[in-house]
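Sequences listed follow chains A and B, in order.
Residue numbers are given in my numbering: position 21 of the first sequence equals residue 21, and the series is strictly consecutive.
Residue numbers are given in my numbering: position 394 of the second sequence equals residue 1394, and the series is strictly consecutive.
In case anyone wonders, no lab produced these hints; they're calculated from the structure.
Mixed in with the good hints there might be a few duds.
Mimicking PhoX-like on lysine-lysine, the simulated pairs with C-alpha atoms at most 25 Å apart in a straight line are [what the hints assert, rightly or not]:
| # | chain 1 | residue 1 | chain 2 | residue 2 |
| --- | --- | --- | --- | --- |
| 1 | A | 19 | B | 1226 |
| 2 | B | 1302 | A | 85 |
| 3 | B | 1229 | A | 120 |
| 4 | A | 19 | B | 1302 |
| 5 | A | 84 | B | 1302 |
| 6 | B | 1158 | A | 112 |
| 7 | B | 1226 | A | 120 |
| 8 | B | 1226 | A | 38 |
| 9 | B | 1578 | B | 1485 |
| 10 | A | 38 | B | 1206 |
| 11 | A | 84 | B | 1275 |
| 12 | B | 1206 | A | 112 |
| 13 | B | 1158 | A | 84 |
| 14 | B | 1158 | A | 103 |
| 15 | B | 1158 | A | 85 |
| 16 | B | 1206 | A | 36 |
| 17 | A | 103 | B | 1151 |
| 18 | A | 38 | B | 1225 |
| 19 | B | 1151 | A | 85 |
| 20 | B | 1630 | B | 1041 |
| 21 | A | 19 | B | 1275 |
| 22 | A | 103 | B | 1126 |
| 23 | A | 38 | A | 103 |
| 24 | B | 1229 | A | 19 |
| 25 | A | 103 | B | 1129 |
| 26 | B | 1158 | B | 1302 |
| 27 | B | 1158 | A | 19 |
| 28 | A | 19 | B | 1225 |
| 29 | A | 84 | B | 1151 |
| 30 | A | 120 | B | 1225 |
| 31 | B | 1158 | A | 70 |
| 32 | B | 1307 | A | 19 |
| 33 | A | 19 | A | 84 |
Derived coverage of chain A by chain B (criterion: at least 3 residues anywhere in the stretch with Cβ under 8 Å from a Cβ of chain B; other residues may be distant) [as the list claims (entries may be wrong)]:
| # | segment |
| --- | --- |
| 34 | 35-44 |
| 35 | 56-67 |
Virtual Cβ for every residue (Gly too), placed ideally from N, Cα, C.
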Amino acid sequence: MKGELKKNKVRRIIVNLDKCNGCRACELVCSAVHAKPKYSSINPARSRIQVVMDPLNDEYVPIRACDYSKAGCDGRRVYMINEKKYSECSFCGTVCPTRDLFKEPDSGLPLKCDMCEDEKEPLCVQACPDGVLTYEEEEEVEEEVKPGEMEIGLKSLVDKYGLQKVADTFARMSQKG
Amino acid sequence: MRYAETGYNLEIDLSRGNIERVETDPRLTELHLGGQGTNAKILWDRVPPEVEPFSPDNLLIFSTGLLHGTPIVGANRTSVNSFSPQTNLFAHSLMGGYFGPELKHAGYDKIVIRGKAPDLVYLWIKNDKVEIRDATHLRGKGATETAVLIKEGLNEPKAQVAAIGLAGENRVYTASIEHGHSSAARGVGVIMGDKRLKAIAVRGTKDINIARPAELFETCLDLRKKIYKSPYVGDWMAVDEDDGFHHDNFAWGNARVRRRGYWSKELEDRWRNLKYDNMDRQIGCYNCPKKCINVISYSGRKRFGYKCYGKDTYHMAAFKELDFSYEILGVAQEYGLDSYSTPQIIAFAIELYEAGILTDKDLPGFPSDSGERSFYLLEKIVRREGIGDVLANGVYWAARQIGRGAEAYDHNTTKKFEQLPIKLGRLNPPYFLMIATGEKMAITQIEGSFPQDPLPTIEEREEFVRKWDAVPDEKFKKWFLEWEKREQISNEASCAITDWNEAMHYIDDSIGLCGFLSSFRGQFGGGAAYHINNIPHLISLATGMELDKDGLWEIFQRNRNLIRALNVRRGLRRKDEKPPEDHWAVRDHEFEQKLLDEYYKFKGWTNDGIPTQETLDKLGLDYVSEDFIKRGILTGSEGTSSQEQKDEELKSRGC
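Next comes chain A alone, as it looks inside the complex (with noise of 0.2 Å):
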């Protein structure tokens, strides 16, 4: 299948930990401009940036809710930062079902950072004057593809049951054939 060429904006938060002084401004400022209505209320339990922090271990993570996963996923390796054991885990922003960060307290339902789109700047930057979180736009050119009709309808199929029974499906059907 051929693709086009798009351009798209890509946007980026680049994060500086070592500048982090642990105020979690970001965290109240994103809670409240998503809120509804805007500001209404702060709770940084609903914010979409959090920062993953343990002074007692100088460690100051600010991160960002990404996708949600429907799986957890197998990322089981381990690292020692200052003689403390993390894992991937500790500082992914993917919202999953093995952990409790980025959901919304009262449901449940995941959060995704949105970079707040209708601002000039994510206020989580805006909230941050020493510059841990700055902000980068960027014109990129990549090649889209775009999926067919069948492929579209097995996708479908695939986030409702899992590529392995699908492909079992299929292979079964087709031997049937």
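Fit chain B to the given chain A structure using the hints.
Structure of chain B alone, referenced to chain A:
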């Protein structure tokens, strides 16, 4: 709906294991704001003066400030109040960090603790779920170690923990409550230990509502940037390594020796290297862009944090250098000890040994090096072992228990509490009043809005007052312009300056604002971010309460007089209101007493320092004056002569 506050307190009875969630009266917020203000009201209502600090009926209150959890930058200091066994008076204590905001998100404005647990317990609060849990496995554990163990045990990495170490468990009077790299001192750690409460862990995920959110939010976004940039807020000593101010001017050892000219460029460079070689980073507290706390990992020690003068106290007490403080601070943090008063107890004991009052019998195997001696005494004190059992009661009580002339070595306490080791030449009249009459016990908790010293030239003074937005009244500018010599200032000005300095602390401590952005910081540079002229509007935006400058000032007076009343009811009188005799070399007893007379009159207090019925009633504290008359503390006919004049003064807010 209640704005900025939750409207609920948590009532914990450790004796019975009872837990209640109690709705609070919104009228009390209008009268006292919150934090220490409403704490004082609870203590007045529920802890009569007959209750000894170690009685199960004494309360220990952890309180959020009214503005915690709002976007207002730097509103994060938790007030912890009780009655202190060291002073038998109101224990004023605050800690920075994250505890108050987290508690508010859990749905509570305060935790009010009464009774005593049969054995060591900790409290676990997660929103509506509140449990008193066994903590016997944490016995003897360090304060920060305890926090780590609790969070791991609960699998709650985002929980905020306040804990005591061995010092609190053993009821050392100078025990602190540690929370991350912040701590609450001055008489509350000992009560937490007495109640057998090892720690409180809290996690909150509820919303906090703001009355006028959009306006407040925009204001604070701008304010955060200004505060970040401003050199007039935060701890400038976090970046300025020239600490000649403390080392040349404060007294070393048992508050005895001033070493003028001690500071040098060579020392500054060496200490700077020591700091930056061992510092991980500088951190702030919840929702504050400043970096006041230096976090140090020093070989073999638990990582610790310090700010401002906190790095000097141990090495100045022991005539050592900064590396000695680095040696001991990590240990003291784990034990949970106040780094202001504890070093003074140590230096006091060393002096008694050198004077032959304490002997090898009291201090078996006492080393010869002052640093090793400090560690030796620290261990004795936190364990209440041998002489440590006496020293753990603070300098005042230890001196009297030791006797044999030790009383003369207790020369730096006021109201039985260790004061900062400052020994100066000439009297500074507002400082006389602040140290004598202050009830927050440490001068850092009382001074702060009016500069400590005059500026040398009229041009500098003019420049200073030009941008001085913080003044409650233009007359402060006039006084500052005319002020040339420290000791030469009118009594009228001294009274009003003391009042203003106190006002800002009483306001901060009820709304939870940090003094480094507000009450403490204006004295150095005049550019505090928060002051009497902008705080009322911020409170209005957050809470919806209509409040102006006069209204806020009246609340300060109410809270000030209520805390005064708490102490008066426990016996505080004029006789207790004196700075250490050697605080200044040159004293003028007659002048000082006249100044004190005038200040009492200015405050609407009797000549014995008791708020008069008129003063109390006007502030809506009728229940206090009734109690005073019933107890015979007031007769009801005091202080009427100056009252009309006083009314006028209250209106114009000044002397």
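Here is what the structure says about each hint:
no., hint, result
1, A:19 with B:1226, "18 Å, holds"
2, B:1302 with A:85, "17 Å, holds"
3, B:1229 with A:120, "22 Å, holds"
4, A:19 with B:1302, "22 Å, holds"
5, A:84 with B:1302, "13 Å, holds"
6, B:1158 with A:112, "19 Å, holds"
7, B:1226 with A:120, "20 Å, holds"
8, B:1226 with A:38, "24 Å, holds"
9, B:1578 with B:1485, "23 Å, holds"
10, A:38 with B:1206, "17 Å, holds"
11, A:84 with B:1275, "23 Å, holds"
12, B:1206 with A:112, "19 Å, holds"
13, B:1158 with A:84, "17 Å, holds"
14, B:1158 with A:103, "14 Å, holds"
15, B:1158 with A:85, "17 Å, holds"
16, B:1206 with A:36, "15 Å, holds"
17, A:103 with B:1151, "20 Å, holds"
18, A:38 with B:1225, "21 Å, holds"
19, B:1151 with A:85, "15 Å, holds"
20, B:1630 with B:1041, "19 Å, holds"
21, A:19 with B:1275, "17 Å, holds"
22, A:103 with B:1126, "16 Å, holds"
23, A:38 with A:103, "19 Å, holds"
24, B:1229 with A:19, "15 Å, holds"
25, A:103 with B:1129, "19 Å, holds"
26, B:1158 with B:1302, "21 Å, holds"
27, B:1158 with A:19, "21 Å, holds"
28, A:19 with B:1225, "16 Å, holds"
29, A:84 with B:1151, "15 Å, holds"
30, A:120 with B:1225, "17 Å, holds"
31, B:1158 with A:70, "24 Å, holds"
32, B:1307 with A:19, "18 Å, holds"
33, A:19 with A:84, "20 Å, holds"
34, 35-44, "holds (count 8)"
35, 56-67, "holds (count 4)"
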